[in-house]
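**Q** Each chain, letter by letter, is given below.
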Amino acid sequence: MKTFLTLFKYERRSLFPSLRLKRRPDIIGGFLSLAVSLLVIAVFLLLVAAVADSYVTIKLDKVSDPTARSLELLNALYTIAILGLAAMCLEKMRTSLVSFAGKKIFLRIPVGSGTMFLSKFAALLLWNYVTAFCLILPINLIFYHVLQPGMAFITNSLLVLLLLPMASFLIATLLLLPYIKVIDFLKTRYFLTFVILSAALVGAFFLYSKMLSVLQGLYETGSVKFLFSKKFVSVLQTLDKVTYPANSLARIALGQDTQNSLMISGGVAVLALLIMLIVTKKLYKVTLYKDENRKVKRGRRHVIARRPLFALMRKEFITVFREPKHLFSYFAIAITMPFMVYCCYTLFETLIINAIGLTFELALAMIVVLVFSILTNTFCATNITRDGLSALKAKIFPMKPSRILLSKVLFCNIVSSLSIIASVIVLALLADLSVVNAIIVGAIGLVFSLSQIFIATRMDLNHARVTRGPAEAAKASNRTIAKTITVGMFFAIIIGFLSLFISVFAGAELPEFLLGIYVHEYYTYVVPSVIALIYFTLSCLYYSLNIERAFEKLVR
Amino acid sequence: MLIEIRHLYKRYNKKADFAIEDISIVGNEGEIIGILGHNGAGKSTTIKCITGMHPYEAGSVSIAGYDLATRPIEAKMNFGYVSDEYSLFEQMTGYEFINFMADIYKVKRRDRKERIKKFQRMLALGDSIYNPISSYSHGMKQKVSFMGALIHDPKVFILDEPMVGLDPHTANEVKNFFREHSSRGNLVLFSSHNLDVVEKMCDRVYIIDQGQILKELDMAVFKSVGGRLEDYFLSMTQRVART
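From first to last, the protein sequence lines are chains A and P.
Residues 1 to 556 (this note's numbering) make up the first sequence, in order.
Residues 1001 to 1243 (this note's numbering) make up the second sequence, in order.
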């Protein structure tokens, strides 16, 4: 028991690293992460509140049934929560149970595999509970606030909080072994991984854009009733019949058929624990002795002699393309950028036209392209640290440090340039952006993107903490990423809003308090271009100043 | 002279004591030189300064006649380095990594093919060099590091704790290679705390402790008077510890 508790404590610490007090807290990074998280949560809760408010008042065949509608809606929300939690928990399980650090140490120390895996599972269960608490509590509070289902709902919610994480835990545990197999299969199938990740990202963004369009409808009509049809309601009714144990949990919360629902949900919890014990036994061979039995796909054997600069660029490509985390955060985002740009552009264009009856295609395209190029280029803030200890290897290369770093900048610039060019082509072909405007947006986007790469790379070089593993490297880069985004957003907002401002006054005189200058049409092109060039010049200076010395200072 | 280090000083931050102090090492063509010391004695710091991995406060490093501070590219072109922590690009295959290193050192296609074959045989790597480095064991990574460092046939071969993780057969092959490489007029410089390897392999040994060179031994002379390196090293380093 003592061993179990010691291991559990260790696991708990690695699953909740942010709870540890840091010597140098990352205030900007922390604030930005918190702000983004709160924004996403607020949008989600706003949507839940609006949907709940509208859905329960729907009349089917002129008959309103708020109790049945509440049940269907709560069931749908719990189903989404269980599946979302299961997906998150599955990946946590894989990293915690299969690719965990110190695996070899566990092979040596006198700790039984059962104790070790149970401690890991216990910590994962705790993680599941904490995450579920953060997710379900706001949903239930919003639900209570909007629908006023009575005080019993609050106490019943506690029961739901106790039982719901077990359901997601059961799904994750059941899927764990096949999931490990799939991940192993994909390990050296880089292109397939790339396709899957890109498709997943497109899917996720498609859902997100749908959510935004619901919000747009809400903004325009004041309700989301337009969303609900008889067909939609019948889908939720069918879901309510089949989605065990989410439907039981919804019934527990609303105090309907509590006894049976408690038995079903309790049964799921017991089953989750049983499955956990079975999987624990299977895991020993799958994880601890995995490396020894590993099958790998062989690489190519031909020799192509390259120039050092191209060899370094190829190295960058390989190290990014063959690492799923990097592949996702760079290539997958870069390739889906045109789709994301198109979705956002059309959505905001409709919003603006509906709101003020005018369109500012150039300014809007500019803002959207610049913001997404910032998103893509955040990856460049790991240009040095993502190599881990290997970053130091470059110091022995017989090349000028500026040339070594140039290879990283060029590689990133090729990727992001292709992404920007594809985005403006999509806007020109599928949206109503004129060719001239597309060329202007593309050119400014390319200059802006290169500036971002310069800033991100140099910031990473200045603050690089060369660490042993990629996970530590990723953590070390968080601060740089936050700063890069802040600088980029500052200039993107200036360029975007100046462009918007000039579009409003194009062909007219500015008001007296703004000096009354006549705004020529061509200002819409010239002013953003000048700002972009100023940003480019500043970033060039920042990047190149004492770059050799900064590289020499790079140590572990 | 292939390597000349004069009065090298290094500290990790301004408030800290010097990690190495007044280190001077000289290496000639055809020599195998060992740097011997306890863990934390300053061996790795010395080697990292020689290779340009770490900046240093004072002193000079010259490799094959090129000063590391003023002619770094030429100096780096003339040595190959195997680190104590194999820093490899794990997403590459061993073969890709070796070719990458060959590209960096501008090795001609024909030469690299020949050398890869030679080292593949010597290090008993077989077809496993076509697998991703991430799938390698510690010993395998060490072997690939060797190949990457030697692909340009450097005049100076620098290694930090080279025998760690190698199987006996490969360790023996590596020792033979050290002799063969030095016999062609090149220099091998390595750090170790393995007294046996240093005693058998080296022409000259620098004993280092607490960041300072305690003694430079000419092994031929030392052995001719019946000296045993283990006894000598322990007596030297214990004496320093007492004082």
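Please note: incorrect hints may appear among the correct ones.
Which chain P residues stay away from chain A? Per the calculated CB distances, all over 10 Å, these [stated by the list, open to error]:
(1) Lys1015
(2) Glu1031
(3) Thr1051
(4) Ile1073
(5) Lys1076
(6) Ser1087
(7) Gln1091
(8) Glu1096
(9) Ala1102
(10) Asp1103
(11) Arg1112
(12) Pro1132
(13) Val1164
(14) Asp1218
Simulated crosslink set (DSBU-like; lysine-lysine; CA at most 35 Å straight-line) [to be verified]:
(15) Lys92/A to Lys1141/P
(16) Lys1200/P to Lys400/A
(17) Lys210/A to Lys231/A
(18) Lys1223/P to Lys400/A
(19) Lys1155/P to Lys1223/P
Hints were generated in silico from the structure; no laboratory data involved.
No experiment lies behind these values; they were computed from the predicted model shown.
In this text, a Cβ means the ideal position worked out from N, Cα and C, and glycines have one as well.
**Q** Does each hint fit the structure? Answer for all of them.
**A** Structure-based check of each hint:
The beta carbon of Lys1015/P sits about 16 Å from the closest Cβ of chain A, which is more than 10 Å, so the claim that it is off the interface holds. No beta-carbon of chain A comes within 10 Å of the beta-carbon of Glu1031/P; the shortest separation is about 21 Å. The Cβ of Thr1051/P does not lie farther than 10 Å from every Cβ of chain A; its closest approach is about 5 Å, which violates its non-interface assignment. The claim that Ile1073/P is not at the interface with chain A is violated, since a C-beta of that chain comes within 10 Å of its own (minimum 5 Å).
A beta-carbon of chain A comes within 10 Å of the beta-carbon of Lys1076/P; the shortest separation is about 4 Å. The beta carbon of Ser1087/P sits about 4 Å from the closest Cβ of chain A, which is not more than 10 Å, so the claim that it is off the interface is violated. Remark: the non-interface label on Gln1091/P conflicts with the geometry, its nearest Cβ contact in chain A lying 4 Å away (cut-off 10 Å). Not every beta carbon of chain A lies more than 10 Å from that of Glu1096/P, the smallest distance being close to 6 Å; the non-interface claim is violated.
Distance to chain A contradicts Ala1102/P as a non-interface residue, since its nearest Cβ pair spans about 7 Å, not more than 10 Å. Its closest Cβ contact with chain A, about 3 Å, brings Asp1103/P to no more than 10 Å, contrary to its assignment away from the interface. The beta carbon of Arg1112/P is not kept farther than 10 Å from every beta carbon of chain A, the shortest such distance being approximately 6 Å. Not every beta carbon of chain A lies more than 10 Å from that of Pro1132/P, the smallest distance being close to 6 Å; the non-interface claim is violated.
The Cβ of Val1164/P sits about 15 Å from the closest Cβ of chain A, beyond the 10 Å cut-off, so the non-interface label holds. Distance to chain A confirms Asp1218/P as a non-interface residue, since its nearest Cβ pair spans about 29 Å, more than 10 Å. Straight-line distance between C-alpha atoms of Lys92/A and Lys1141/P comes to about 29 Å, which keeps the hinted pair within the 35 Å bound. Restraint check for Lys1200/P and Lys400/A: the C-alpha separation of about 39 Å exceeds 35 Å, so the hint is violated.
About 18 Å separates the Cα atoms of Lys210/A and Lys231/A, which keeps this hinted pair within 35 Å; it holds. Restraint check for Lys1223/P and Lys400/A: the C-alpha separation of about 44 Å exceeds 35 Å, so the hint is violated. Under the criterion of a C-alpha separation no larger than 35 Å, the hint pairing Lys1155/P with Lys1223/P is consistent with the structure, at around 27 Å.
Consistency note: the structure conflicts with the earlier hints numbered 3, 4, 5, 6, 7, 8, 9, 10, 11, 12, 16, 18.
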